[in-house]
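Take the sequences, apply the hints, and build the full model.
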Amino acid sequence: MNAIAHTLPTSASTGALTIRGLSKAYPLKGKPVPVLEGIDLDIRPGEFVSILGASGCGKSTLLRLIVGLDQDYQGQILLDQQPVRGPSLERGIVFQDHRLFPWMTLQQNIELALKNHALATAEKHRLVAEHIELVGLSGYEQAYPHQLSGGMAQRAAIARALVNKPKVLLLDEPLGALDALTRVRMQQELQRIWVQERCTVIMVTHDIEEALYLGDRVIVLDAHPGRVREDLRIELPHPRERHNPLLHEYKQLLLDQLVGHP
Amino acid sequence: MWLGNGESAKLLIVSLAALYPMVLNTFESLRQVAGQHREAAQVLMLSRWQQLWLILLPAALPGIAAGVLHALAFAWVTSVGSELFLSAGAGLGSLMMNAEAAARMEIIVVCVLCIGLCGYLMSWLCSLLTRRLLRWRPTR
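Chains C and G, in that order, give the protein sequences.
For reference, each letter of the first sequence is one residue, going 1 to 262 in this note's numbering.
For reference, each letter of the second sequence is one residue, going 1 to 140 in this note's numbering.
FYI, nobody ran anything at the bench for these hints, they're computed from the structure.
Quick caveat: nothing in here was measured; it's all calculated off a predicted structure.
Check each hint, because a few of them may be wrong.
[Stated by the list, open to error] For each label pair, taking beta carbons as the anchor points, the in silico distance ranges come out as: (1) Met122(G) / Val195(C): 55 to 63 Å; (2) Leu16(G) / Lys165(C): 51 to 59 Å; (3) Leu128(G) / His243(C): 21 to 29 Å; (4) Gln252(C) / Leu57(G): 49 to 57 Å; (5) Leu16(G) / Gln82(C): 49 to 57 Å; (6) Arg137(G) / Lys165(C): 26 to 34 Å; (7) Lys115(C) / Ile108(G): 53 to 61 Å; (8) Met122(G) / Asp72(C): 49 to 57 Å.
[Stated by the list, open to error] Chain C residues, not near chain G, derived (Cβ > 12 Å throughout): (9) Ser13; (10) Leu112; (11) Ala129.
A virtual CB, placed ideally from N, CA and C, is assigned to each residue, including glycine.
As structure tokens, this is what we get:
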């Protein structure tokens, strides 16, 4: 409950992401192969954007560029009008594999994200405990990652990314490695967490239903090279019902677009 | 040998024998730390030192521990061996050499048993320590 109280004042004022003419190429046998070409995006503060595309369309590359792990690109990435240079705590990321450090307990893993914050130890403990509670892992603070199930480890990774209060949370197929049931449950969890935190979220996925259920906007990327093909606005308030007929209509539309008619 | 045949010469031989497996294993396991771990550390904005202490070293620890265990065996073998060649001062090796000269078979047998027992105990202690340090690893 206190999570709502402390995030609402700052919500939706920062976290605007602007991408202008973004292109990226990887060298292959000496020749540059374009992965992303001319991407233009305006993402409003507090928006949940799903990026949908077949594998190999460069959607993970896009996230790596935004988070700052790869700085070799053309074009501009601006967060609140400031150019993005290298990783920063303003941008949190959750990968498909949880990437928790196996030699640290859950609590230590999340605390590590606050390592370079000038906060009192007590305040750090409070933040960590609060975020462990937010993702529903209270009671597992001292567990090592190998003792957690896939879904739990992924929740912990989300907590680690959120504990810094990033302006933008990037999710790189965060539920891709989970089984179908855990996945549906985690989608609900993600929705609940986002409704509470209201930071800008960009989620990359290849699951159409997931993209529609969670996203305020669904952006479809074309492959080879990756370009924006479709930018759908899903005008439905959160939290959503999975069975909403509008979502089903959109699903059919996107399926036709992505898979095409035989 | 530049160091004569005293304690320092033995020390040099034993250190050399122990150095190689340790350095090679440490280097190799540091090099093999998964890119995923490095990236996660970068995203969390850890400084170079923090990356080394908090991420690289723990991640390489299993390999380093294997190197230490290896080095321990090498060191023990060479320390007894160097005493056989450089029989100066007190030690199991020189005790054996003297027993051989005096044809005292029973002393040799006891020495051999001692050498075996000590080696076993040391590697047992080492693996106990390793298991304690690496308790975060999944148990198979």
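Comparing the hints with the structure gives:
no.: 1; hint: Met122(G) / Val195(C): 55 to 63 Å; in the structure: holds (59 Å)
no.: 2; hint: Leu16(G) / Lys165(C): 51 to 59 Å; in the structure: holds (53 Å)
no.: 3; hint: Leu128(G) / His243(C): 21 to 29 Å; in the structure: violated (57 Å)
no.: 4; hint: Gln252(C) / Leu57(G): 49 to 57 Å; in the structure: holds (53 Å)
no.: 5; hint: Leu16(G) / Gln82(C): 49 to 57 Å; in the structure: holds (55 Å)
no.: 6; hint: Arg137(G) / Lys165(C): 26 to 34 Å; in the structure: holds (33 Å)
no.: 7; hint: Lys115(C) / Ile108(G): 53 to 61 Å; in the structure: holds (58 Å)
no.: 8; hint: Met122(G) / Asp72(C): 49 to 57 Å; in the structure: holds (51 Å)
no.: 9; hint: Ser13; in the structure: holds (23 Å)
no.: 10; hint: Leu112; in the structure: violated (6 Å)
no.: 11; hint: Ala129; in the structure: holds (19 Å)
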